[in-house]
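Visitor: First to last, the sequence lines map onto chains A and B. Residue 171 in this note's numbering sits at position 171 of the first sequence; the count goes up by one each step and never skips. Residue 200 in this note's numbering sits at position 200 of the second sequence; the count goes up by one each step and never skips.
Treat the hints with care, since some could be wrong.
Copies of the same chain look alike in the list, so a pair counts if it fits in one copy or across any two.
As the list claims (entries may be wrong) - Derived DSSO-like pairs: lysine-lysine, alpha-carbon spacing no greater than 30 Å straight-line: (1) Lys106 to Lys38; (2) Lys279 to Lys107; (3) Lys38 to Lys107; (4) Lys123 to Lys279; (5) Lys106 to Lys202; (6) Lys123 to Lys186; (7) Lys123 to Lys38; (8) Lys246 to Lys107; (9) Lys186 to Lys279; (10) Lys279 to Lys106; (11) Lys246 to Lys279; (12) Lys279 to Lys202; (13) Lys205 to Lys279; (14) Lys123 to Lys205; (15) Lys107 to Lys123.
Note that these hints are calculated values from the structure, not bench results.
2 protein chains.
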Amino acid sequence: MSTSSSWSTSAADALRVGPGFRLADIDPRSTPGYDGDKTAGRADLEAGRAPLEDLQERLFAQSVAGTATGSVLLVLQAMDTAGKGGIVRHVVGAVDPQGVELASFKKPTAEELSHDFLWRIEKRLPDAGRLGVFDRSHYEDVLIGRVRSLAPAPEIERRYGAIVAFEAEAAEMGIRLVKVMLHISKDEQRERLAARLERPEKHWKYNPGDVDERQRWDDYMEAYQIAIERTSTPIAPWHVVPADRKWYARLAVQQLLIDALSDIDPQWPAADYDVEEEKRRLAAS
Amino acid sequence: MSTSSSWSTSAADALRVGPGFRLADIDPRSTPGYDGDKTAGRADLEAGRAPLEDLQERLFAQSVAGTATGSVLLVLQAMDTAGKGGIVRHVVGAVDPQGVELASFKKPTAEELSHDFLWRIEKRLPDAGRLGVFDRSHYEDVLIGRVRSLAPAPEIERRYGAIVAFEAEAAEMGIRLVKVMLHISKDEQRERLAARLERPEKHWKYNPGDVDERQRWDDYMEAYQIAIERTSTPIAPWHVVPADRKWYARLAVQQLLIDALSDIDPQWPAADYDVEEEKRRLAAS
């Protein structure tokens, strides 16, 4: 955004999945579109807080005024430790919590399982004028769902089309989807899990199940490849964000959000009352 | 908390409502318990971010580990412009959004009105391990409810007792209530409303209804006096926070939250798995 930033290509253009996309070709340590180093990246992240806050406040103002028609929905998917929590905390956490709707999707409950996989998702779509965040999402149902055969193969197959239709409908309602896969390497994940095991105050972040899933790394990468290929559409494209460098991933997602909000270009709502008359009433009160 | 802070008395002790409490005796420009000026106050607010974040993360860790038994619920009540939004943004906004449950209570819907006034409130009580925030609350039903006679007088009367019983039950469930009235003066409100009318990008924050309520200022102060008197209990006391100085109000609420969390004293959850065994499994994966 600012002239001093080190983006040579916009984050959206550098990260958007295109034809012939191969996840295996993307280096998790790379910094697509960005020429700066960690120091520059951190400075740019700091510099991006104000425009993100401003755009989000304008959108929120519209929701209060009842004039909002659009919203933004950040969908975060990733292998464990890739940094979803850090994005929520350091990128989304910079804006006014009043305008944010955060939904964390855990293992489905019995009730959720008794419905179509999109049932619990639809209920959490952001209201107009809000910034929604999905920490995991309907994609779990074609990721762990596929890797662990949690549904019959034909049902998994059906879901790709169902997701495309669902997201097209959401877009039609004015929801701007920002779909992000945080892409870490298997080695980097080992290091991050090991760090959690080393420090007692991080033990709560570790789950033996993480290693079980890790042992199916290649299956997961294949499931991501297929899911991304089949659900990346012009209206709801995927972005694969290399995430071995946390500073880059945060900066990139911040830029994607700024882009999406700039695209809505929310204006401050006009007063729906007589400003001069209200000044008089107020002065007399 | 830190030795360099300018608190002579803890915020909780300085602000807790006691016997013989008179709202009219509290100066909205005062800074009870705090000897520092605005510059010191801002520095102390900044210094309080880390301990608040740390305590909240410990509590959240317990909720993830399934060992949390307690939670904190900040109840914010105030006249318009007193700064509830600023508290949410600058105090609560400093902690990890994943552990926060924010509920804004607007004018009740038809469905909500068809139930007891506590029906919509109960549903939004924070889960164990969370920091809940009520931006307005069940107290509206004895504030605007009383001033505007939105319910018959005997029903309003009944509500004070119902609130005391409800909050005792919530406390029993492990919810630590931090009830805060942000107390501004009528003059300060005029200035803040006038500022909103002066700047087009603030027009959305102004509502002609604000002046209608303002014209009943004395009735509101009386309703607050009665509500605070009748619902301040040892387990769920009220705190009246002078709010003409925004920096003081934010600092004071931050301290109240730190106190409440310190009182829970959440410890990092112990691993429920064999750490050494997991290190081996991870290394081999």
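Visitor: All hints, please: hold or fail.
Guide: Do the hints match the structure? See the list:
1. Taking the shortest Cα distances, Lys106 and Lys38 never come within 30 Å of each other, neither inside one copy (32 Å) nor across copies (44 Å).
2. Only between protomers do Lys279 and Lys107 lie at most 30 Å apart by alpha-carbon distance; the minimum there is 25 Å, versus 54 Å within a single protomer.
3. When the C-alpha separation of Lys38 and Lys107 is checked against a cutoff of 30 Å, the pair qualifies neither within a copy, at 35 Å, nor between copies, at 48 Å.
4. For the homomeric pair Lys123 and Lys279, neither the shortest alpha-carbon distance inside one copy (42 Å) nor that between copies (39 Å) is at most 30 Å.
5. Taking the shortest alpha-carbon separations for Lys106 and Lys202, only the intra-copy value of 20 Å comes in at or below 30 Å, while the best inter-copy value is 39 Å.
6. Taking CA atoms no more than 30 Å apart as the test, Lys123 paired with Lys186 passes in neither setting, with 34 Å inside one copy and 42 Å between copies.
7. Neither within a single protomer nor between protomers do Lys123 and Lys38 lie at most 30 Å apart by alpha-carbon distance, with minima of 39 Å and 44 Å respectively.
8. Taking the shortest alpha-carbon separations for Lys246 and Lys107, only the intra-copy value of 26 Å comes in at or below 30 Å, while the best inter-copy value is 42 Å.
9. Taking the closest pair of Cα atoms, Lys186 and Lys279 come within 30 Å of each other only across two copies (16 Å); inside a single copy the shortest separation is 62 Å, beyond that limit.
10. Taking the closest pair of Cα atoms, Lys279 and Lys106 come within 30 Å of each other only across two copies (25 Å); inside a single copy the shortest separation is 50 Å, beyond that limit.
11. Taking the shortest alpha-carbon separations for Lys246 and Lys279, only the inter-copy value of 23 Å comes in at or below 30 Å, while the best intra-copy value is 49 Å.
12. Proximity of Lys279 and Lys202 under a CA criterion of 30 Å is satisfied inter-copy only: 14 Å between copies versus 55 Å inside one chain copy.
13. For the homomeric pair Lys205 and Lys279, the shortest alpha-carbon distance between copies (14 Å) is at most 30 Å, but the shortest distance inside one copy (54 Å) is not.
14. For a Cα distance limit of 30 Å, the shortest separation of Lys123 from Lys205 qualifies both inside one copy, at 28 Å, and across copies, at 28 Å.
15. Both within a single protomer and between protomers do Lys107 and Lys123 lie at most 30 Å apart by alpha-carbon distance, with minima of 16 Å and 22 Å respectively.
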